[in-house]
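Given chain A, put chain B in place with the hints provided.
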Amino acid sequence: MEQTLVAEAKDAPRAGDLAFDRLYRSSRDDVYAYVAGLLRDEAAAEEVTAAAFERAYRKRNRFDPERGEPRAWLFGIARNAALDELRRRGRQAELTAEPEDVDARALDEGAEHSERRLAVSAALERLEPPERELIALKFFAGLENSEIARVLGIGESNAGTRLHRAMTKLREACDGNA
Amino acid sequence: METPRDRDDRLAEDLRALRPTPHPQFAAELDERVAAGFPRRSRLRLPSFNRLRAVPTRRLLIPAGGLAVLAIAVSTAVIATKDGEKESAGGGGSLLSLTAPASGDSAAAPEEAAPEASSAGSAAAGAEIELSEDSEANLTRLDNRAVERSATLVLGAAPADVADDSAQVFEAVHAHNGIVMRSSTHEGEPGRAGATFELLIPSAKLGDALADLSAIDEVRSRHEATADITAPTVNVTELLRDSKARVDSLLGQLAGAETESEREAVEAELAQERRHRARLRAQLQHLQRRADLSRVLVRIETGAAEESGTGGGTWGVDDAIGDAGQILAVAAAVAVVGLAILGPIALIALLAWLTHRAWVRRERRRVLS
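Chains as they are written, first to last, in my numbering: chain A, 3 to 180; chain B, 816 to 1184.
Calculated directly from the structure, the hints in this document are not laboratory data.
Don't take each hint at face value.
Claimed, not checked - Ranges between beta-carbon positions, derived for each pair:
1. B:F853 to A:H115: 35 to 43 Å
2. A:T170 to B:L1157: 54 to 62 Å
3. A:S148 to B:R1176: 18 to 26 Å
4. B:A1144 to A:D66: 37 to 45 Å
5. B:I877 to A:T170: 49 to 57 Å
6. B:H1171 to A:G157: 23 to 31 Å
7. A:T170 to B:R1176: 27 to 35 Å
8. A:G157 to B:R1176: 14 to 22 Å
9. B:R1181 to A:R69: 20 to 28 Å
10. A:D66 to B:A850: 23 to 31 Å
11. A:E174 to B:A850: 39 to 47 Å
12. A:E174 to B:Q840: 36 to 44 Å
13. A:G157 to B:E847: 38 to 46 Å
14. B:E847 to A:E174: 38 to 46 Å
Claimed, not checked - Looking from chain A toward chain B, a few residues come up when the C-beta cut is under 7 Å (computed):
15. Y26
16. Y34
17. A35
18. A38
19. E48
20. A52
21. E56
22. Y59
23. L85
24. L88
25. R89
26. S123
27. P132
28. F141
29. F142
To be verified - Which chain B residues stay away from chain A? Per the calculated CB distances, all over 10 Å, these:
30. T891
31. A973
32. E1004
33. E1053
34. K1059
35. T1074
36. R1078
37. R1089
38. V1145
39. A1147
40. V1151
From the three backbone atoms N, C-alpha and C, an ideal C-beta is built for every residue, glycine too.
Chain A on its own, in the form it takes in the complex (with noise of 0.2 Å):
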C-alpha cells in the first residue's frame, strides 16, 4: 500500500501518477464494492465510482500523509461521491435494484450456501443505512477499523462499537430470516 502521494510527486514529476495507479489498482474492486452496497445500484455504482476516482486523480498532489492513509483519503472521496450522488437523487440507500445478482449467484454455490446467503442478503436490506455502509466498508471494501473510522470521521473504537452492533443486528435479522 502506498504510504504517500506527495512525497513520492516531489521525487519525480511521474511518482504521484504512478502511486496513484497502484493506489487505484489496489482498490479499484473494493471502492466499488462499497460504493455498491451503498447505492444498491450497479449502474449509479459505476458512474459513481468512476468519478470518485476522477475526483481523486484530480486531488492527488493535495492529499496529506499527515492526515490518514491514501487508502482511507480514497474511501473519503468514494463516500462524498456516493452521499452527493444520493443526495441528487433525492433518494436514501434503499433502492430496488441489486447490485448484482445474489440470488442465481448462491444458487450456484449450493443449497445450504444459497439459502444462508439470501438470507443474509434479505437481512442486509433491512438495516439501516449507516449500519449498512459500516458493513459494506468492513465486509465488501476490507477495511480496518481505524480505516473505517477515518472515513466516517470518527473515533476508532467507535467505529467498532458501531461495527460490533451492525453485526448483531444483522444477525438477528438473519435469525429472524431462518
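Then chain B, alone, in the frame of chain A:
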C-alpha cells in the same frame, strides 16, 4: 455445537461472498480512463486552469505573492509619477521645477477692487507698479481664481561674486517691474559672506523672473508655493457690494429726512457705514495685492552646498533616502488600499464557501439518517 464466534465468522464469510464485483467491461473502461489520466470530456474547460488546480497551494503562494508585489510596485510607480507631475505643475520645490518654471499666472480681485489696485506701490521700495491690466488678464485666464504665490531661491556663489550677484538680482527685479522690499549683503569668508533679498514680483512675470534669478549663479534650492485666496476675496467683494448698497440706501434716506434729528441719525449711520466700506476696500486691496504680487525670497550663500538645506541642485544620499522613504510610504498606502478593497471581498467569498461547505456536509449526513 456452533459457538457465537463460529457464527460471526460464518456471517463474515457470507458477507464477503455477497461482495459486489464490478462488471468486466466497466472495469476495463475505467482502467483505460485512469491510464489516460482522466481526459476531459468537455473541451470548454481550459487546460491551464486544470493544471493550476492540480498545483499544490503552497506552490501557488510564491507566484501569487510575486504578483501582489508587482501590482503594488506598478501602482506605486503610477502614483509617484502622478505626484511628481502635480508637484512640477504646482511649482513644488524640486529639481523638475527648474526645467519647468511657473508661468506666473495669478488671479485678480473682482471688479470693484480693480481701480484701487491700479497703483499698488510700496513705500519701502519707493516704487509703483501698474497691475490692473495684468490682473484683469489673469482674472480671465484663471476663471476668477485668486491665487497667492511665493518662492524661495537659494543661490550658491563664491564670496568674491556676492556683490556682483546682488547687483544682478536688482537688475532682474527691475527688469520685471518687481520690488525689492528688503536686502542685506554680508562680506567675508566662505560661509559667512552672502546676501538676502525679499522681493515682490508681479505674479504674471514670476516664472520669467525666477528663470532670470536662477541664471545668476548656481541654484542650490528652489521652492515655489501657491495658496488659493479666492474665498476671502469673493467674501470681501460681496461685503463691499452690500456696503455700497447700504450707503446708497442711507443716502436716499438722508434726502428724504424731514427733521434735523432724523437727518443727524442717518448721517451718523452713513458715516459709520462709509468707515466700514473703507475697511473692506482696504482688505480687498490687500488681497488683490497678494494675488498680483508674488513674494520671493532670494538668498545668496557661500560655502558648502549642504548648508543650503534640502532639495539642492544635485541629487545626493539624503535625497535618495528621502525618496526611498516616500516610495515606501506610497507602497504601504497602496497595499493598505488594496487590502481594504480585497479584504471584504475575500471575506465574503470565504464565508460563502464555508457556508456552502457546511450545507453540503449537513446534506450528506441527512442522506443516510
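Here is how each hint holds up against the structure:
1. Here the CB-CB span from F853 of chain B to H115 of chain A is close to 40 Å, well matched to the stated 35 to 43 Å.
2. As the Cβ distance of T170 of chain A to L1157 of chain B is approximately 56 Å, the hint placing it in 54 to 62 Å holds.
3. Roughly 22 Å separates the CB atoms of S148 of chain A and R1176 of chain B, a value that falls within the hinted 18 to 26 Å.
4. A hinted range of 37 to 45 Å holds for the C-beta pair A1144 of chain B and D66 of chain A, which are about 41 Å apart.
5. Checked against the given bound of 49 to 57 Å, the beta carbons of I877 of chain B and T170 of chain A, roughly 55 Å apart, stay inside it.
6. The hinted window of 23 to 31 Å between H1171 of chain B and G157 of chain A holds, with their beta carbons roughly 27 Å apart.
7. One distance hint, 27 to 35 Å for the beta-carbon pair T170 of chain A and R1176 of chain B, holds here, with the actual separation near 29 Å.
8. Judged by the Cβ atoms, the range 14 to 22 Å given for G157 of chain A and R1176 of chain B holds: they are separated by roughly 18 Å.
9. Roughly 25 Å separates the CB atoms of R1181 of chain B and R69 of chain A, a value that falls within the hinted 20 to 28 Å.
10. Distance hint check: the CB atoms of D66 of chain A and A850 of chain B are about 26 Å apart, consistent with the given range 23 to 31 Å.
11. Distance hint for E174 of chain A and A850 of chain B: a CB-CB separation of about 46 Å, consistent with the stated range 39 to 47 Å.
12. Range check, E174 of chain A to Q840 of chain B: Cβ separation about 39 Å, and the 36 to 44 Å hint holds.
13. Between G157 of chain A and E847 of chain B the beta carbon distance is about 40 Å. The supplied range of 38 to 46 Å therefore holds.
14. For the hinted restraint 38 to 46 Å between E847 of chain B and E174 of chain A, the CB-CB distance of approximately 44 Å keeps it satisfied.
15. Given the 7 Å rule on beta carbons, the hint for Y26 of chain A holds: about 5 Å separates it from the nearest Cβ of chain B.
16. With its C-beta approaching chain B no nearer than about 4 Å, Y34 of chain A sits inside the 7 Å limit, and its interface hint holds.
17. Checking A35 of chain A against chain B: minimum C-beta separation of about 5 Å stays under 7 Å; hint holds.
18. For A38 of chain A, the shortest C-beta to C-beta distance to chain B is roughly 4 Å, which falls under 7 Å, so the interface hint holds.
19. Evaluation of the E48 of chain A hint against chain B yields a held restraint, the C-beta minimum of about 5 Å falling below 7 Å.
20. Checking A52 of chain A against chain B by beta carbon gives a least distance of about 6 Å; that is within 7 Å, so the hint holds.
21. Given hint, E56 of chain A at the interface with chain B, holds; its Cβ is 5 Å from that chain's nearest Cβ, closer than 7 Å.
22. A hinted interface residue such as Y59 of chain A counts as satisfied when its beta carbon comes closer than 7 Å to some beta carbon of chain B; here the least separation is about 5 Å, so the hint holds.
23. Given the 7 Å rule on beta carbons, the hint for L85 of chain A holds: about 4 Å separates it from the nearest Cβ of chain B.
24. The restraint placing L88 of chain A at the interface with chain B holds, with a minimum CB-CB distance near 5 Å, inside the 7 Å limit.
25. Because the beta carbon of R89 of chain A sits about 5 Å from the nearest beta carbon in chain B, less than 7 Å, this interface hint is met.
26. Look at S123 of chain A: its Cβ gets to within about 6 Å of chain B, closer than 7 Å, so that hint holds up.
27. Interface hint at P132 of chain A: satisfied, since its Cβ lies 5 Å from the closest Cβ of chain B, which is below the 7 Å cut-off.
28. The criterion of a C-beta within 7 Å of any C-beta in chain B is met by F141 of chain A, whose closest approach is roughly 4 Å, and the hint holds.
29. Nearest Cβ of chain B to the Cβ of F142 of chain A: about 5 Å, under the 7 Å cut. The hint holds.
30. Distance check for T891 of chain B against chain A: the nearest CB is about 35 Å away, which clears 10 Å, and the non-interface claim stands.
31. The Cβ of A973 of chain B sits about 71 Å from the closest Cβ of chain A, beyond the 10 Å cut-off, so the non-interface label holds.
32. The claim that E1004 of chain B is not at the interface with chain A holds, since no C-beta of that chain comes within 10 Å of its own (minimum 74 Å).
33. Residue placement check: E1053 of chain B keeps its beta carbon more than 10 Å from all beta carbons of chain A (closest about 72 Å).
34. The beta carbon of K1059 of chain B is kept farther than 10 Å from every beta carbon of chain A, the shortest such distance being approximately 83 Å.
35. At the 10 Å boundary, the C-beta of T1074 of chain B stays outside the reach of chain A, the nearest C-beta of that chain being 103 Å off.
36. Every C-beta of chain A lies more than 10 Å from that of R1078 of chain B, the closest at about 101 Å, which supports listing it as non-interface.
37. Here R1089 of chain B stays apart from chain A, with its beta-carbon at least about 89 Å from theirs, past the 10 Å limit.
38. Annotated as non-interface, V1145 of chain B keeps its C-beta farther than 10 Å from every C-beta of chain A; the closest such distance is 38 Å.
39. No Cβ of chain A approaches the Cβ of A1147 of chain B within 10 Å, the least distance being about 34 Å, so the stated non-interface status holds.
40. The Cβ of V1151 of chain B lies farther than 10 Å from every Cβ of chain A, with a closest approach of about 33 Å, so its non-interface assignment holds.
In this structure, none of the earlier numbered hints is contradicted; all agree with it.
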